[in-house]
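Enquirer: The primary structure of each chain is shown beneath.
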Amino acid sequence: EPEVTQTPSHQVTQMGQEVILRCVPISNHLYFYWYRQILGQKVEFLVSFYNNEISEKSEIFDDQFSVERPDGSNFTLKIRSTKLEDSAMYFCASILDRSYGYTFGSGTRLTVV
Amino acid sequence: AQKITQTQPGMFVQEKEAVTLDCTYDTSDPSYGLFWYKQPSSGEMIFLIYQGSYDQQNATEGRYSLNFQKARKSANLVISASQLGDSAMYFCAMSNMKTSYDKVIFGPGTSLSVIP
Chain S
2 EPEVTQTPSH QVTQMGQEVI LRCVPISNHL YFYWYRQILG QKVEFLVSFY
52 NNEISEKSEI FDDQFSVERP DGSNFTLKIR STKLEDSAMY FCASILDRSY
102 GYTFGSGTRL TVV
Chain V
12 AQKITQTQPG MFVQEKEAVT LDCTYDTSDP SYGLFWYKQP SSGEMIFLIY
62 QGSYDQQNAT EGRYSLNFQK ARKSANLVIS ASQLGDSAMY FCAMSNMKTS
112 YDKVIFGPGT SLSVIP
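Heads up: the sequence lines are chains S and V, in that order.
First residue of the first sequence: 2, per the working numbering; consecutive thereafter.
First residue of the second sequence: 12, per the working numbering; consecutive thereafter.
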């Protein structure tokens with residue numbers, strides 16, 4: 002069964018450093034998303050991406066965040082200067098049709114120290 | 012604004028019994044979709060079941076069924092014949108249908124523990 006692939010599975014970074022989280026959505030999916038889940042808490046929407054541009058972003062997605070689809074297969078989330086409170090599980094998701102559900106990757110656990 | 016409420020932070024069920032996980036939602040849009048996801052301790056988000064707001068019948072997928080009561084704005088998940096592997100966090104989620112790419116938003120989740 003097709004899946005959304007995220008790398009790395011776990012990343013530890015120093016506060017103030019830049020990180021790039023990578024995702025390969027399912028090849029025929031058209032809409033892409035990033036979510037985050039702080040440990041034990043709610044899954045929060047960050048940004049949606051369609052047709053090579055951001056279609057919606059949340060209040061969390063400030064100037065420190067950016068997304069890119071550089072080569073037609075990868076979908077990346079960049080955090081320019083990480084803060085301690087950015088520590089969370091970050092999920093990438095993609096969708097073709099809602100009746101099949103949003104397909105989530107297995108997540109990247111980001112730890113900022 | 013959309014909102015999902017899951018009032019049961021934790022639930023216990025005996026193996027082989029059925030369990031109902033509650034979900035209520037709020038939206039002003041007439042067209043929306045409702046989802047349930049399972050998150051085991053390993054962390055991945057697994058899609059279980061989908062219900063469209065205009066679907067006449069309640070959705071079913073194997074041991075999962077969605078008890079959709081539109082007037083009450085509830086979308087409860089029923090798991091029949093619980094198994095030990097059903098122990099996980101369960102999230103109710105909703106997406107409006109204004110555009111093809113509307114995001115899905117999640118409720119706070121219910122932690123289900125299946126007891127042998």
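There's no promise every hint is true.
Below, a list of computed lysine to any residue pairs in the SDA-like style, where the Cα atoms sit at most 20 Å apart [said to hold, decoys possible]: (1) V/Lys14 - S/Ile39; (2) V/Lys109 - S/Ile55; (3) S/Lys58 - V/Ser124; (4) V/Lys109 - S/Lys84; (5) S/Lys43 - V/Lys109; (6) V/Lys14 - S/Asn52; (7) S/Lys43 - V/Asp37; (8) V/Lys109 - S/His11; (9) V/Lys109 - S/His30; (10) S/Lys58 - V/Gln19; (11) V/Lys109 - V/Ile57; (12) V/Lys81 - V/Ser124; (13) S/Lys43 - V/Ser64; (14) S/Lys58 - V/Lys14; (15) V/Lys109 - S/Ile39; (16) S/Lys43 - V/Lys81; (17) V/Lys14 - V/Leu95; (18) V/Lys109 - S/Ser100; (19) S/Lys84 - S/His11.
It is worth saying that the hints were derived from the structure and are not from the lab.
Enquirer: Evaluate each hint against the coordinates.
Expert: Going through the hints against the structure:
no.: 1; hint: V/Lys14 - S/Ile39; result: 19 Å, holds
no.: 2; hint: V/Lys109 - S/Ile55; result: 16 Å, holds
no.: 3; hint: S/Lys58 - V/Ser124; result: 35 Å, violated
no.: 4; hint: V/Lys109 - S/Lys84; result: 34 Å, violated
no.: 5; hint: S/Lys43 - V/Lys109; result: 24 Å, violated
no.: 6; hint: V/Lys14 - S/Asn52; result: 27 Å, violated
no.: 7; hint: S/Lys43 - V/Asp37; result: 17 Å, holds
no.: 8; hint: V/Lys109 - S/His11; result: 35 Å, violated
no.: 9; hint: V/Lys109 - S/His30; result: 19 Å, holds
no.: 10; hint: S/Lys58 - V/Gln19; result: 29 Å, violated
no.: 11; hint: V/Lys109 - V/Ile57; result: 25 Å, violated
no.: 12; hint: V/Lys81 - V/Ser124; result: 28 Å, violated
no.: 13; hint: S/Lys43 - V/Ser64; result: 24 Å, violated
no.: 14; hint: S/Lys58 - V/Lys14; result: 17 Å, holds
no.: 15; hint: V/Lys109 - S/Ile39; result: 28 Å, violated
no.: 16; hint: S/Lys43 - V/Lys81; result: 24 Å, violated
no.: 17; hint: V/Lys14 - V/Leu95; result: 30 Å, violated
no.: 18; hint: V/Lys109 - S/Ser100; result: 15 Å, holds
no.: 19; hint: S/Lys84 - S/His11; result: 16 Å, holds
Checked against the numbered hints above, the structure violates hints 3, 4, 5, 6, 8, 10, 11, 12, 13, 15, 16 and 17; every other hint is satisfied.
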